[in-house]
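So for the sequence shown, the working numbering puts the first residue at 19; every next one is plus one.
It is worth saying that the hints were derived from the structure and are not from the lab.
A portion of the hints provided could be inaccurate.
[To be verified] Derived EDC-like pairs (lysine to aspartate or glutamate); straight-line CA-CA distance at most 20 Å:
1) K300 with E273
2) K303 with D235
3) K193 with E180
[Stated by the list, open to error] What follows is a set of in silico ranges between Cβ atoms, one per label pair, in the way DEER data are often shown:
4) V237 with K182: 27 to 35 Å
5) G52 with K182: 45 to 53 Å
6) N297 with A244: 25 to 33 Å
7) D73 with S179: 53 to 61 Å
8) H134 with D73: 19 to 27 Å
9) G99 with K182: 40 to 48 Å
10) Y284 with A251: 40 to 48 Å
11) S130 with Y98: 21 to 29 Å
12) G99 with V237: 45 to 53 Å
Just so it is clear, CB atoms sit at the ideal spot from N, CA and C, and this is done for glycine as well.
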Amino acid sequence: MTASATFSATTNLMALPSLSPGRDLDAYLNTISGLQILSVEDEQALAKRFYYDQDLAAARELVLSHLRFVAHIARSYKGYGLSQADLVQEGNVGLMKAVKRFDPNVGVRLVSFAVHWIKAEMHEFILRNWRIVKVATTKAQRKLFFNLRSSKKQLAWLNQSETKAIADDLGVSAKEVTRMEGRLTASDMAFDGYDLDDGASTAPAHFLVAPASDPADIVADEDFRADKNQRLALALKDLDDRSREILQQRWLSDEKSTLHELAAQYGISAERIRQLEKNAMKKLKKAIAA
Numbered sequence: 019m020t021a022s023a024t025f026s027a028t029t030n031l032m033a034l035p036s037l038s039p040g041r042d043l044d045a046y047l048n049t050i051s052g053l054q055i056l057s058v059e060d061e062q063a064l065a066k067r068f069y070y071d072q073d074l075a076a077a078r079e080l081v082l083s084h085l086r087f088v089a090h091i092a093r094s095y096k097g098y099g100l101s102q103a104d105l106v107q108e109g110n111v112g113l114m115k116a117v118k119r120f121d122p123n124v125g126v127r128l129v130s131f132a133v134h135w136i137k138a139e140m141h142e143f144i145l146r147n148w149r150i151v152k153v154a155t156t157k158a159q160r161k162l163f164f165n166l167r168s169s170k171k172q173l174a175w176l177n178q179s180e181t182k183a184i185a186d187d188l189g190v191s192a193k194e195v196t197r198m199e200g201r202l203t204a205s206d207m208a209f210d211g212y213d214l215d216d217g218a219s220t221a222p223a224h225f226l227v228a229p230a231s232d233p234a235d236i237v238a239d240e241d242f243r244a245d246k247n248q249r250l251a252l253a254l255k256d257l258d259d260r261s262r263e264i265l266q267q268r269w270l271s272d273e274k275s276t277l278h279e280l281a282a283q284y285g286i287s288a289e290r291i292r293q294l295e296k297n298a299m300k301k302l303k304k305a306i307a308a
């Protein structure tokens, strides 16, 4: 079995109703609190079974025994205003990725190895969902985003010395710290927005120029339509009475006539009606395009 198939199977093992934080988070937390915490010896034995033999039951036990650790990490991200159940779910994905990659021969506990993968999945989820517009795209910006939130202990804006201290501590420029602080303190605005009590609005949609608001464009469009209508009227006058009547009944009437109805009316074949219609349309197109 490939590593990819193993991870997929491990994911399916996790998809149990009682172990789904999205259904009932409190019930989920109560369930995982009763799961056994592995000793060093048991963890090593299970890890080796999965590492060498691809034993899915061993992988399942490793994942289940560390679910409460994921929930503990998720609680530290409550300040982002996102669903705690979603954070736990994302962290569980990171835990399963860690179990898949864990080498029991390195000599570290799984919990120490998994914390990176768990936080990485949670961070990715937060950055995708915290704002409509992404606040951090590069690796350096992501590091600054999470560290700045934890470093900023007050609600007021950072002064110059505080900005410099954080910049030096994180290895970035003071300008980057100030820019990220602005992103952190900003909030999303709906495109359509909400009207204020006095009827005014600050929504972006209210400041866009209407597509047909330019007077010059309006006049030009009206002149163009008037010219086309005049050319069409003159071209219709130049047609013979029969051709004009055929076009009138075929295209301009509310109840349009068929070729056979016109053929019976004029005492000619339907094919002849079609030819007369085609020739008349050519003359109209030529007159309008001139």
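Unsatisfied constraints (hint numbers, rising) | Those not satisfied are hints 1, 2, 4, 9, 10.
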